[in-house]
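**Student:** Bring the two chains, given one by one in their own frames, into a single complex with the hints.
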Amino acid sequence: MQLMSERITRDEVAHVADLARLALSSDELDRFTTQLSDVLEHAADVEALDLSDVEPMAHPLPLVNVLRPDAIVRSVDRDAVLAEAPDVEEDQFRVPTILGDQP
Amino acid sequence: MTDSVQEWEVVIGLEVHCELNTASKLFCGCANVFGDEPNTNICPTCLGLPGSLPVVNEAAVTKAMTLGRALGCTVSNSIFARKNYFYPDMPKDYQVTQYEEPTNSDGELALGDGSIVQIERAHIEEDTGKTTHVGGDGRIHGAGHSLVDYNRAGVPLVEIVSRPVIRSARQAKTYVEELRAVVLAIDVSDARMDQGSMRVDANVSVRPVGSDELRTRSEVKNINSLRSLGLAIEYETRRHIDLYEAGESPLQQTRHWDEAAGRTRDGRSKEDADDYRYFAEPDLVPLEPTQAQIAAIDESLPPSPALRRTRLAEAVGVDPADVAIVVMRGQDQLALDAVGIGADGAKTLARIENELAVEDWSAITADALADVVTRETTGKLSATQAKHVIAGLVEAGGTVDEVVATLGIASVDSGELVGMLDALIEQHEDEWARLADGDRKLQGFFVGQIMQLTNGQADGKIVQTLIAERLR
Chain U
1 MQLMSERITR DEVAHVADLA RLALSSDELD RFTTQLSDVL EHAADVEALD LSDVEPMAHP
61 LPLVNVLRPD AIVRSVDRDA VLAEAPDVEE DQFRVPTILG DQP
Chain H
104 MTDSVQEWEV VIGLEVHCEL NTASKLFCGC ANVFGDEPNT NICPTCLGLP GSLPVVNEAA
164 VTKAMTLGRA LGCTVSNSIF ARKNYFYPDM PKDYQVTQYE EPTNSDGELA LGDGSIVQIE
224 RAHIEEDTGK TTHVGGDGRI HGAGHSLVDY NRAGVPLVEI VSRPVIRSAR QAKTYVEELR
284 AVVLAIDVSD ARMDQGSMRV DANVSVRPVG SDELRTRSEV KNINSLRSLG LAIEYETRRH
344 IDLYEAGESP LQQTRHWDEA AGRTRDGRSK EDADDYRYFA EPDLVPLEPT QAQIAAIDES
404 LPPSPALRRT RLAEAVGVDP ADVAIVVMRG QDQLALDAVG IGADGAKTLA RIENELAVED
464 WSAITADALA DVVTRETTGK LSATQAKHVI AGLVEAGGTV DEVVATLGIA SVDSGELVGM
524 LDALIEQHED EWARLADGDR KLQGFFVGQI MQLTNGQADG KIVQTLIAER LR
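So the protein lines, in turn, are chains U and H. Using the numbering used here, you'd call the opening residue of the first sequence number 1 and step up by one each time. Using the numbering used here, you'd call the opening residue of the second sequence number 104 and step up by one each time.
Okay, chain H solo, but in the shape it has when bound (with noise of 0.2 Å):
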């Protein structure tokens, strides 16, 4: 009998809802808006009241398509379908979305860490209106109750679909990043989490290492943080594991993240796509883009997160991978600025990465940082006062002199100080023969020396090298 040990891997597919940053509603005028006081943006559509009718929000449908083409998808003519299911949130109990012909389908998106994620779909639908439980106080045998808020139903939605790929918590964290990228890129939702206006539901499931079957899935809704989110990850796949080395099964269900307690928690089994009884929307009409439209929306999409990180590898010379940071902070075209400028590519990337950390960095201009770059690797700053001057050109902006001058950094350049170490060496011939002699003590003095002269502006590295080549 062997006793080998299972290796597991994990299967990860995510469900990532975005609400469209439209004015209005996606089938009635009422505003789109995060916060407003409860139910202020209802009227007789979105409270699904009889004997009205939706109406197709054309922004919506432009940026779901904008986002599907971002995203690589085919654009194709579609049906809206109503989702029949009973709960408060909803109050025609049904959702309007889309099943059997989205409008956007078959996409892929390129990663940071070089890796690809394959989208099924990403189609439009409604929000949901946001329900709060409002807990019993324990006298009255722990009743509580509901409260609705209505303002987000009938928010414009589009959700995207990846296919089941994704082969960690690692990468599902850094394909949302992705996507939020994207998302914010082309400028169709503010994609907060934090607020709601970018969900993550995980399907989550496991199998022997070296098998392609998909075996049973867990759903984790209540996500709402991409640390959440590897957390989840995380604790479903341990869950799946301990389940199935204990000869046992997990089921297929919702399950909810608990934040506080680190942990998912039983939902309702999930039901079958079959008791939704999805049917076309008889309210509405399909919709049908032209390739005239389609065509438009490509021509207006900026370049891709992943297209900007191979510029910028080229113009530096690095990996994309090595990018991915200063490309997420859209900072990349500063630094193709710089390095056009003539600023050395690696310098300018960790500069950035290093000092532009900061929320707001457009005080900073792409001249002003190939100058502070330039000064670095010439000499006449050190890398010390550079982080000093790119402090102060984020704070306040202007140029390199007028901060230089602002932090009193005098700029020694390497020709003054070969003029210093000429004069003291004249002044200090003892001291000099006896470091040509080998007395390596002495090279402290004469750098200490010009440290002196310069207030402690010259590079120290830099006086040492000279020091070195006039010892040769």
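Bound-form chain U, shown alone (with noise of 0.2 Å):
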């Protein structure tokens, strides 16, 4: 491997395909994390610009307060969503249990 960058590991890539759902071949994970270092690299060009004069900002568009009225708009048809979904119980969507919890 050339330039194994050390701004990502390729335990953290994997941590971070396991967080995705991702299955990566042992190559993906190489390619991956040379690839993720070099968007990591752009990254800290970025941050070594003095921006010190620069408000921070959340969002791209200068807008604040895009707001609606707190009133009831019919909702879909029930049957035509479950008509979508793989697997239906009892007019909720069956799934496998999943290990472990929510959050």
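Treat the hints with care, since some could be wrong.
Here are the computed lysine to aspartate or glutamate pairs in the EDC-like style, where the Cα-Cα straight-line distance is at most 20 Å [claimed, not checked]:
id : chain 1 : residue 1 : chain 2 : residue 2
1  : H       : K324      : H       : D304
2  : H       : K186      : H       : D293
3  : H       : K186      : H       : D361
4  : H       : K195      : U       : E12
5  : H       : K186      : U       : D18
6  : H       : K186      : U       : E90
7  : H       : K233      : U       : D79
8  : H       : K276      : H       : D293
9  : H       : K233      : U       : D18
10 : H       : K490      : H       : E505
11 : H       : K233      : U       : E89
12 : H       : K544      : H       : E572
13 : H       : K195      : U       : D87
14 : H       : K324      : H       : D361
15 : H       : K195      : H       : D377
16 : H       : K490      : H       : E529
17 : H       : K186      : H       : D377
18 : H       : K233      : U       : D91
19 : H       : K195      : U       : E84
20 : H       : K233      : U       : E90
21 : H       : K276      : H       : D425
22 : H       : K450      : H       : D440
23 : H       : K564      : H       : E519
24 : H       : K450      : H       : E402
25 : H       : K324      : H       : D386
26 : H       : K450      : H       : D425
These are computed hints drawn from the structure, not numbers from a lab.
**Tutor:** Take a look at the structure:
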């Protein structure tokens, strides 16, 4: 491996892949470690700039407080939605039991 | 070698989720209703279908800020964030919440017991769908599955996070009760633990007494009543202490309260915040409330339960903790009005606390209550009669005279009793003389005579006092 960058380790890439439920092969882990390091290298270039005069922004658009009134709008038809589901039982989405718990 | 016993103390932080009682969901127009048919209040947005976009419900933001201000929080400009995780209750595979810049921060709640709990933040987020596990029948190697109802997905929530300053199961319960009282007073949620519109997670750890360190905590979920909250904290406290005393350490993990077994059970190891890969929600723009909006919210806030306790306690002349129950039941205005009319404070408070412990006490007016209490304190009604009259007023309303007439209570005042006693002394001169000579048995004779004349309506204690006065 040329330039095994210090920006991100192979283990970190494996961990992130696991969180994202991606099954990566050993070759893919190597490849993405290099690619993600390049991305982070680019981010580091931006970080190196003196931005002390720039206000942090959470959104690129000059918009705030986009709100809607608290009014009920008719929802979609249940049968139409459930018809798209892989499995249905008692008008609910049927899913495999998930190991572990919700956060 | 000293064999000293290590003393431990518990450190508790609570995360209270409160569903806001808006008409529609947080980011879409689906109805926010508990108990509807499964999956009837769903749309592309709360199902996370491609191409859908969230738009924030204005009423949810106002209610969240109202709750924040009621808890003394600073309301700031805020942004939404995505919390990424895979679980079927969140169809988008992320929950929209607030992370780095929450709407409300740094508040506090004064409790009925006089303590104060600091609040770190009260942020807005969307609720998840409801999963129901359907167990296997044991034949298909214990296979089970889950059913998901997305009616609750996207319902607006405020998560109120206390600082880890709660020091006992009792204080934790008092805090949740107080929070519930605040939430109900400002009408932002129906706050029902049994229906899940108020949910409590408890972060519990222990440490040696005198230390100020924060040790590894476990987060207990699935607590659905105040009673379970107390039991779960006590169980976890014991478990942590036992682990340390056995030379082990608790893991940082989520645990589930098992109501039937009366214990907590292993959940998954708690992920680091980093594992949720929070980032600013690109589909939503920041919230920036104006000072005028915040001032209008402050203007609209009713007096806090803490203030109401102080006000009533001062009016009655007791300690604020002594009026906590009456304030929690919302009977403080009734008490203040009755005392304002001239009823005795302590007696009014006692009668409300003991006789108005009912679901619906709306029929009794402050005038009527003040009247009963005053009749009791001036001896026109006995204690027992006063209780009956209050029960009658709660049941049917009306005036004290009407209830007294209905119940057939002959209101006997001290003046009438004095007249009766005079007549009895004339009729029974010998008995009176013997009583005056110290034959105490004869007191019972005179009391009995008056009771007979009044059909048992006279207050025995008052009769005894009158007799004692005449003998002096």
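**Student:** With the threshold set at 20 Å, check whether the alpha-carbon distance from K186 of chain H to E90 of chain U stays at or below it.
**Tutor:** 30 Å, violated
**Student:** Within a Cα-Cα threshold of 20 Å, do K324 of chain H and D304 of chain H meet the stated pairing?
**Tutor:** 5 Å, holds
**Student:** CA of K233 of chain H to CA of D79 of chain U, is that 20 Å or under?
**Tutor:** Satisfied, since the Cα-Cα distance of roughly 19 Å is no more than 20 Å.
**Student:** For the pair we were handed, K186 of chain H and D18 of chain U, check the Cα-Cα distance against 20 Å.
**Tutor:** The given pair, whose Cα atoms are some 16 Å apart, holds under the 20 Å limit.
**Student:** Are the Cα atoms of K564 of chain H and E519 of chain H separated by 20 Å or less?
**Tutor:** 15 Å, holds
**Student:** For the pair we were handed, K450 of chain H and D425 of chain H, check the Cα-Cα distance against 20 Å.
**Tutor:** Holds. K450 of chain H to D425 of chain H sits at ~13 Å (cutoff 20 Å).
**Student:** Against the 20 Å threshold, does the CA-CA distance of K490 of chain H and E505 of chain H hold or violate the hint?
**Tutor:** It holds: about 15 Å lies between the C-alpha atoms, which stays within 20 Å.
**Student:** Going straight from one Cα to the other, do K233 of chain H and E90 of chain U come out at no more than 20 Å?
**Tutor:** 14 Å, holds
**Student:** Take the C-alpha atoms of K276 of chain H and D425 of chain H, compute the straight-line distance between them, and say whether it is at most 20 Å.
**Tutor:** Holds, at roughly 17 Å.
**Student:** Holds or violated: K195 of chain H and D377 of chain H, Cα atoms, limit 20 Å.
**Tutor:** 19 Å, holds
**Student:** Is the straight-line distance between the alpha-carbon of K324 of chain H and that of D361 of chain H 20 Å or less?
**Tutor:** Roughly 10 Å between the alpha carbons, so the hint for K324 of chain H and D361 of chain H holds.
**Student:** Could you grab the alpha-carbon distance between K195 of chain H and E12 of chain U and see if it respects the 20 Å cut-off?
**Tutor:** Roughly 24 Å between the alpha carbons, so the hint for K195 of chain H and E12 of chain U is violated.
In terms of the numbered hints stated before, the structure departs from hints 2, 3, 4, 6, 9, 16, 24 and 25, listed from lowest to highest.
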